[in-house]
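*Asks:* Residue numbers are given in the working numbering: position 430 of the first sequence equals residue 430, and the series is strictly consecutive.
By construction, these hints were calculated from the structure, which means they are not laboratory data.
Owing to the predicted nature of the structure, the values given are computational and were not obtained by experimental measurement.
Zero decoy hints are in this set.
In silico BS3-like links for lysine-lysine, alpha-carbon gap of 25 Å or less:
hint, residue 1, residue 2
1, K560, K97
2, K190, K205
3, K205, K393
Now the in silico label distances, taken between C-beta atoms and shown as ranges:
hint, residue 1, residue 2, range
4, T19, G468, 46 to 56 Å
5, A208, E462, 31 to 41 Å
6, E433, L291, 55 to 65 Å
7, D345, K10, 28 to 38 Å
8, A208, N525, 44 to 54 Å
The C-beta atom is built at its ideal place from N, Cα and C for all residues, glycine as well.
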Amino acid sequence: MQNILETAIKAGFKEIYKTDIESVEFQATRKDFEGDITIVVFAFLRFVKGNPVEIGTQIGEYLKENVDEVSDFNVVKGFLNLVISDSYFVSNFNTIKNTKEFGFSSPKANEKAVMVEYSSPNTNKPLHLGHIRNNLLGYSVAEIMKASGKKVYKTQIINDRGIHICKSMLAWQRFGNGETPESTGLKGDKLVGNYYVAFDKAYKKEIAQLIAEGKTEEEAKKQAPILLEAQQMLLKWEAGDEAVVKLWKTMNQWVYEGFDQTYKELGVDFDKNYYESNTYLLGKDVVADGLKKGVFYKKEDGSVWIDLTDEGLDEKIVLRSDGTAVYMTQDIGTAIERFKDFDLDELVYTVGNEQDYHFKVLFLILEKLGFDWAKNLYHLSYGMVDLPSGKMKSREGTVVDADDLMIEMTNTAREISQELGKLEGYKIEEREELYKTIGLGALKYYILKVDPKKRILFDPEESVDFAGNTGPFIQYTYARIQSILRKADFDYSIEITDIELHSKEKELMKQVLLFPETIQSAANNHSPALIANYTYELVKLYNSFYQTVPILGCEDLNEKIFRTQLSSKVSEIIKSAFKLLGINVPSRM
RNA sequence: GGUGGCAUAGCUCAGCUGGAUAGAGCACCUGCCUUCUAAGCAGGCGGUCCUAGGUUCGAAUCCUAGUGCCAUCACCA
1 MQNILETAIK AGFKEIYKTD IESVEFQATR KDFEGDITIV VFAFLRFVKG NPVEIGTQIG
61 EYLKENVDEV SDFNVVKGFL NLVISDSYFV SNFNTIKNTK EFGFSSPKAN EKAVMVEYSS
121 PNTNKPLHLG HIRNNLLGYS VAEIMKASGK KVYKTQIIND RGIHICKSML AWQRFGNGET
181 PESTGLKGDK LVGNYYVAFD KAYKKEIAQL IAEGKTEEEA KKQAPILLEA QQMLLKWEAG
241 DEAVVKLWKT MNQWVYEGFD QTYKELGVDF DKNYYESNTY LLGKDVVADG LKKGVFYKKE
301 DGSVWIDLTD EGLDEKIVLR SDGTAVYMTQ DIGTAIERFK DFDLDELVYT VGNEQDYHFK
361 VLFLILEKLG FDWAKNLYHL SYGMVDLPSG KMKSREGTVV DADDLMIEMT NTAREISQEL
421 GKLEGYKIEE REELYKTIGL GALKYYILKV DPKKRILFDP EESVDFAGNT GPFIQYTYAR
481 IQSILRKADF DYSIEITDIE LHSKEKELMK QVLLFPETIQ SAANNHSPAL IANYTYELVK
541 LYNSFYQTVP ILGCEDLNEK IFRTQLSSKV SEIIKSAFKL LGINVPSRM
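Generate coordinates for the entire structure from the input sequences, incorporating the hints supplied.
*Replies:* What follows is the structure, encoded as structure tokens:
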């Protein structure tokens, strides 16, 4: 539509004012004015001198005469509001009416893929609310990019080695009495997490003891025997000590089983897992190579650095003086590995904004090393999820556990649903499934509707809403439409062409037609929030339509068919949009 | 201290590349279930868009400075 108008407007200026204009500025007409599309006349004043109202009127008249789709216009101040004909909307609707997965594009042949990394947990403690945001964002962005026409691989790198892992292992050895998930009935990740906390407790105790003996806090922190022992254990692990490796495998396996369960409940998945225990040595040869190229330099003690002061950053270490890899070394190696493993041209890292600096440096290093794909690396940086008491800290037990939270959400959904009592004829299992759908819908929507880069304040005392701009509200609208479609006992597949639109229908259709560009924009911006906001707007318009005009009770058969078709399309879009957010929709609720 | 991010209604958030009287939801108040699901609809109340300058016909949006909160600046990850 905009293209048609732009060409016409340019032609109009040429005819009336004998001038060429560069571009036309469009915007949606505000609700309080009549019209569908608005042209900002002010922008033309650079090319044509005169009164904006006069110019607007002349252009409006020109368009009304020369463009079929423009049925009327009005000018308010410097704004030319155009009324687009009903037939334009109706014919547009008819072309998309039967499109399966309207708004989604399929991947083009031969196009390279995008890899989205998310989750990437440590294997020493259970997943919490912060991981939930990460998982939901990563999963959703991956789905959105798929829908926008990209081939996508989902991945995570599991941080399964290092001193923090040894801490839980050591604590289990000392205090565990051979406990297992089976013997305790605990989820594996929970059990291991308990020992991570136990380590910290014992460690703190030893520190206090040493301080009492006259050491400074700093000395005490470094000399606590339990810490030294954990460090010993790490060395043994790296040396391949049989007993340590065996324990490591056993405990990690417990954690994986626990994680799998959480991921399944949350509804996220991965195409490939990377393990840090396999990748932590990667990148060293790249560093050696970069050293030759002069990208890095060696200090006297043998450590290798990169100087980024020209870019306004600092110097950064890429290899320790003892030749071992740091985090950065691994990330360099892993990135390269991934581009070898898959035919990629883009890699998205879903990692909190506390690591902004790290990724800035990483990308810069890869660019300096000469990888042309380095410019296609993207850090999907999101804000922290904070509690009213501040930051969540696993070691201090101030975390909102992922499993617990999902259960609580389901419980709330159950309470509300039972109170409303609309589920006659539903079996117990069906109901439980539904409570989960609604509870998780509330949680996921609550988190995803917020712009990723903003931090979220989560108050466990105030439960997530189920009314207003929420997941359940949107699910409810979907269920309502399903109810209508179940009751529609007539053939509504025929094409309706000649029809006069109710203003509610027109507004709704305008929103429907925006779905494809919303997906593209959400993909470009890596923002599920755009999908959430779009869907909310769509659903609000639908509910207003639903309560203003009769659908099945409509006298005129054409109207009735058309409104049913429109309802059906809206429900399809709700379902698709929610699929992009990883949220299911119920046929009743 | 250096660097980066954020600041919009009592609370939670929208606000696209600058554009019309700054929009939703929650909360509070008023109506609407003998028509398709009231987890809904219609309406009311509520704002120095952090502050001060600047650019512009026009600034919540762009620039500069300041204030506040958060993050980061380790041979940790």
